[in-house]
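**Q** Chains A and B supply the protein sequences, listed in that same order. Read in order, the letters of the first sequence correspond to residues 21 to 842 in this note's numbering. Read in order, the letters of the second sequence correspond to residues 21 to 842 in this note's numbering.
These aren't lab readings, by the way, just hints derived from the structure by calculation. Hints are not guaranteed to be accurate.
Chain copies aren't distinguished; within one or between two, either way the pair holds.
Derived pair list, reagent style DSS-like, types lysine-lysine, alpha-carbon separation capped at 27 Å [as the list claims (entries may be wrong)]:
id, residue 1, residue 2
1, Lys-599, Lys-551
2, Lys-551, Lys-470
3, Lys-595, Lys-551
4, Lys-65, Lys-95
5, Lys-547, Lys-595
6, Lys-792, Lys-470
Since the model is a prediction, treat every value here as computed from it, not as a measurement.
Protein chains: 2
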Amino acid sequence: MPPVGAALWRSLRAHQVYGANTDVGKTIVSTILCNGVQQQKTQGKAAFLKPVSTGPLDEADDRHIQRFGAGTTTKCLYQFDEPVSPHIAARQKSSTPPRDDEIIASVHRTLSEWAASSDIDFALVETAGGVHSPGPNGTSQADLYRPLRLPIVLVADSRLGGISSSVSAYESLLLRGYDVHSVLLFRDEYYQNHEYLREYFSGKSIPLLALPSPPPKPPSHHPDALARDADAMASYYHRVATHTDVAALLDELALQNTQRIDRLADMPRRANDTIWYPFTQHHGMAPKDITPIDSAYDDYFQTFAPAAPGPDTDGGGSGGGGSLKATFDGSASWWTQGLGHGNPSLALSAAYAAGRYGHVMFPGNIHEPALSLAETLLRDSGNSRLGKVFFTDNGSTGMEVAVKMGLRAACARYGWDAGNEQISILGLKGSYHGDTIGVMDCSEPGTFNKKVEWYRGRGYWFDFPKVRMEGGVWRVEMPAEVGGEMGEDLEFESLDEVFDLQGRMGEGAARRYREYIYNTAERLVYKDGMKFGALIMEPVILGAGGMLFCDPLFQHCLAATIRNHPSLIHADASKLTPKPKSSPMSPSGELPSWSGLPIIFDEVFTGLYRLGRHSSASFLSVDSDIVVNAKLLTGGLIPLCTTSASNEIFAAFDSPEKSDALLHGHSYTAHAVGCQVAVEALRTMGEMERGGAWDGYRRDWAGVSSDGDAEGNGEGGGEREGSPRVWSVWSQEMVRELSCAPAVEGVFAIGTVLSISLRDVEGGGYTSTAAKGLQETLAQGGGSSFQVHSRVLGNVLYLMSSVTSRPEALREIEGVLRGALV
Amino acid sequence: MPPVGAALWRSLRAHQVYGANTDVGKTIVSTILCNGVQQQKTQGKAAFLKPVSTGPLDEADDRHIQRFGAGTTTKCLYQFDEPVSPHIAARQKSSTPPRDDEIIASVHRTLSEWAASSDIDFALVETAGGVHSPGPNGTSQADLYRPLRLPIVLVADSRLGGISSSVSAYESLLLRGYDVHSVLLFRDEYYQNHEYLREYFSGKSIPLLALPSPPPKPPSHHPDALARDADAMASYYHRVATHTDVAALLDELALQNTQRIDRLADMPRRANDTIWYPFTQHHGMAPKDITPIDSAYDDYFQTFAPAAPGPDTDGGGSGGGGSLKATFDGSASWWTQGLGHGNPSLALSAAYAAGRYGHVMFPGNIHEPALSLAETLLRDSGNSRLGKVFFTDNGSTGMEVAVKMGLRAACARYGWDAGNEQISILGLKGSYHGDTIGVMDCSEPGTFNKKVEWYRGRGYWFDFPKVRMEGGVWRVEMPAEVGGEMGEDLEFESLDEVFDLQGRMGEGAARRYREYIYNTAERLVYKDGMKFGALIMEPVILGAGGMLFCDPLFQHCLAATIRNHPSLIHADASKLTPKPKSSPMSPSGELPSWSGLPIIFDEVFTGLYRLGRHSSASFLSVDSDIVVNAKLLTGGLIPLCTTSASNEIFAAFDSPEKSDALLHGHSYTAHAVGCQVAVEALRTMGEMERGGAWDGYRRDWAGVSSDGDAEGNGEGGGEREGSPRVWSVWSQEMVRELSCAPAVEGVFAIGTVLSISLRDVEGGGYTSTAAKGLQETLAQGGGSSFQVHSRVLGNVLYLMSSVTSRPEALREIEGVLRGALV
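Make the full structure from the sequences, and use the hints.
**A** Encoded structure:
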């Protein structure tokens, strides 16, 4: 089933009724509210929806409302006879229970119909049992109904113990991002729960209404129990109907619905007044260019679409459609998202660490989340050089730390006085390592930094061969410097072959790469007199530079050439480089020293499964001396960054002088909340990998789609046996098709990333119009059941999924791309 | 009552029994566990503690255990007769109920005694009702008992609806940082809750034990109901006793207790192996220098103190003391802490935003928490110039943004080409703005940056007059440049007078300040040819530079001189500065343009109530053009930073060129979790201020302690009427006493900050030994009921509280300081 928009209509005040426990009187409260609506003559009618009902039909809650809720429209979607939890009732029934997404779609459809009808303007969707009572498939209702994120009417528990169950139920709802709009419960003068809870909820600005207690149920063995009960209930409802607070509460609920919509509609204007957006030219920007996001769940934003302007501004649409739309988060929220928005287990991890620690200052102290995260990262990195983990808050600060580490180690070994000499870095053209000025200096001059007053590029950046599929063929495009007299690009039948570094090592390209690198470095150091302190690379893909896919063989050769020829960096390097004391391959032996330059891998974007592997360095068969991780580190929830380094780099800061220490450290260093969430995110992604969650994608990429005879052998990087070296959630066939499309210059997919370089069909020049057009098609939905939010880098449109994205959604997006381009 | 250490003993496995609801069989489960312990002949005895019991004495839970729990030691601390929630029972009783901290202290004392006894090695502390059932003072039990953070035995609910209440209860415990060590419940074959919950909890690695159902209670009207019930229960317990799983669960619980202690003891070694600490020289550092923090609550870390090494390493101390100690967080966790560790409302805010959004990408989008935070900050800043809010992740990145903003605005107005000219900043000596290289360049050369290879100081830094109390007198110490021929320092009777800017404006010091600033700037620009792009200051206190308290009049004069004499910066400045179109004081009128230089206030440390006011700029009566907030912004939970700027600064980036935009933006920009927590933190602190939470401190600082006749009149900064301009949580009298102590060079307190400069009594030279000695005294506790963690900056020892710290704790710390110094 396609994703649904969250439930919000101006023409329908829709609420979900949750109980603090079972048997707290949800249906009686629903009846009272519906009756209250019916009595407000000025308004429309009430409707009652019971998505899943268990127990004998006669006692079903919608029947109760039919009987006592004067004129209320009622509907039940799924009925099970057994008076047990739906997940057991469903199991006992012979037929297959409805899937969760079917239930959600049915509820949304029903509410949409009511919203479109002219006479219904109030609806209650009643749950079964308590907040976490399982639905037919065993999913907790609080999770099951989350995509709709209906505002909640919570029926609290007036019995002994009911304070506790009511508050806990409220907290469980809050944890899932629900808004509780009101609390109702029966008045019990002995336990007085309503007094305590009124004070509790008023502290959260949630109105509470205490209702008279309903009549006790007559003993069921009594012959006319049913009739007696009916009489008593009818007179109870009659009595409550004169309870004026009900009308006031209904007004309050109506007001909240209106205010919520008005606020959503007004948010763009207010944001335009107060927010200075990152990487955004505000010139000519208007409120219409800002999208209000009401909430997000799984892969989808719930974006607010205001009613089309017109004379009837009150309508909020035709009434049939919701004004919130499911929009696929196609940039993975700026490359951070891994485990879906509103992920309850990440939310719980955050809450647990906040409750256990808050933030505790880090130097000189240690706490579980930080230690677990450091140990996990070192253990799973696949890089035996790494020995120490340094924490910061984001990729930019983590790269500043990496640069400080690398430069110090190099200057210490080579005896350079950085205060009086310019020490530069070696990198690749189109690199980007963050927005703070120190790491901006690690990129060559370009758009991102040319207007930064203090930017001074300090380095040399190699041009490099780029990989993409063009016209059905994987091509490695050679820069002029490397092509030399031969000039020709390389072609491959499969992406897997591109990553067959062992096979390619003996070929001509490898030799040309090494020569180019060697000759260039020699010229820079011995002719131009430059001094280099670190080699910095984003493995495989240079993200912000424009989704540039570097030939992994080139990056391998660059690292190897610098390491194998340290004298390229310093004439006495071989003398100054410590020798390993025993075999580098022996796990108990000494590790090899860094050689030539400390190698820094910026895996902020490419690491932690963004490209399908824990470490993107494993594609290159290079163990770096320093590696930086961020973004996916917390699964996409909050900022956190780690800079991991070898013990040898660490030792460069060891000295009796305090001032020789790495004097860097933000106050929230290793904040417990971030570390705990990261531990949970890495655990989840690791389990997904080990459990074969991505095997379907692997299979798609295992064969060469044209001939189907060649299979990757899965060398390197801890890949599963028989699986390809490289795979993507985006289908191999679609990549091939797009690569043949006239508007497409080239395309590639790896891991969760799909990158499409578009041709300016008008011929040459400024090409971003083409990408903007495709972006617009995706934003409109292009015939799919949801919209797609995407980002553009120049003429490149890229899409990025979570590691948990559902294949059906991805295939649907591929359909839109095919429709637009092929 | 003094704070207690959290409950952890090697010699006593202590657990707290919580119920998913009332009447789920907590006492029966407790009895079964205690019986199980009694039967394990190899081990010690069990003990049972009911801190608060309600209902008739005969039915009390400890009586039940006495009867059926063979040989279990039992104790009840507070007994109420009425079978209602303790908060109602306590209200009905004539005597005053025990305070929460008294209950906690009693529980801790009882458990400590049991831990010290040779025969008891297992204890259960049973709660009343459900997780959130209120204690005698109305506090939820989950909050009430949190300081002890006992591992939890959760008794789940086997009835219909019990899945939901069990999961919600678990989530409420998790939110408060509890560890649930096992779940028990009765087997009910009809509802099968145990099956569902077993799977649920096994996903969280929590063992679940399903027990046979106890016999039904005989009808209470039956004459021998009690006797019958007793017989049935005895036979039930006998039957369960053969249930082998109980023994296995007890073994598991014992193992968890041992493993927890072993892990805490081992954490320093593991941290020493894997963690690279910020601002830490690792040379000679050993595991003993690293403190494991098991949890934190309110103002206290729970630090683990390993057993003293000796032959009996198994003992974990004498048995009498806990191995976790309450340690006051005396650096406010590196200046971040405001609302206490483990603050449930901040934890809930974080969880809510995580559940509602996760992180959603910011450019082009808007969500409630970011918009609310931006609007709140602009509204409450008290600075009418500010119009736009830019988000980053920490103070350093926020200051990088501020510098980019300021330089761009200045270069645009003055027509400077920053690519070819060096644009510097004006600041104060001893400034510190963060650890990224761009903002390191904003500080003069010194310890923090001299070993940073890429550091190049770009600015001029004024020496400035420093405020502190010496020998009972508030003294403003003049630097040589300002003293001139007069040379003398200023003296004041009260700190309030120092902040009486209006009164001091006409005096000689103000004139000397202005002259010094004017002459210096003129020389730098017109003689040395320097170009300046921004004036940067930390208002009132320069934190990392050594807690330097700058005369607010000097900072005022610096800002005013640059603004009033723009030609100091650029010869044509007056011509180039736009004129305000109408009165600057009119709320609807145009604001004055920035003049001379954009003024950047770094309030990362000093803002948001750290110094007792929302904005520390209000002490200076200067509205800056750009202000940076972080640290306290989230109340001390997670990293977040805002850079707020005037609309005029914003306009300097407005252009049809995309590349003119402020191209800065970390991927987690305006992450929803941080923004939501910040909104809650600012709301809480604002309510505390409006509610007079700090009036006691204000009163202390309102009078001059010697004569008691002069009172501040509360001008400026939105202060409460009749309240002093400046106040501190640290008592005025203690500050005076310390200032007269022989070992003290000078001292000051403002807001939550206390700073003590220590004299090297040996005379001159390297003075940090003195501060280290005082730090050690605090760490040992110095006779107080808790230890104090503090930080030292050179010869300065500072202490910093939360805004919620309890006066009693602060007075106790003052006692330690007096004892050590006076």
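**Q** Hint by hint, note whether the structure agrees.
**A** Here is what the structure says about each hint:
no. : hint              : in the structure
1   : Lys-599 - Lys-551 : within (23 Å within a copy, 50 Å between copies)
2   : Lys-551 - Lys-470 : both (24 Å within a copy, 20 Å between copies)
3   : Lys-595 - Lys-551 : within (18 Å within a copy, 46 Å between copies)
4   : Lys-65 - Lys-95   : within (14 Å within a copy, 59 Å between copies)
5   : Lys-547 - Lys-595 : within (22 Å within a copy, 49 Å between copies)
6   : Lys-792 - Lys-470 : within (24 Å within a copy, 47 Å between copies)
Checked against the numbered hints given earlier, this structure breaks none of them.
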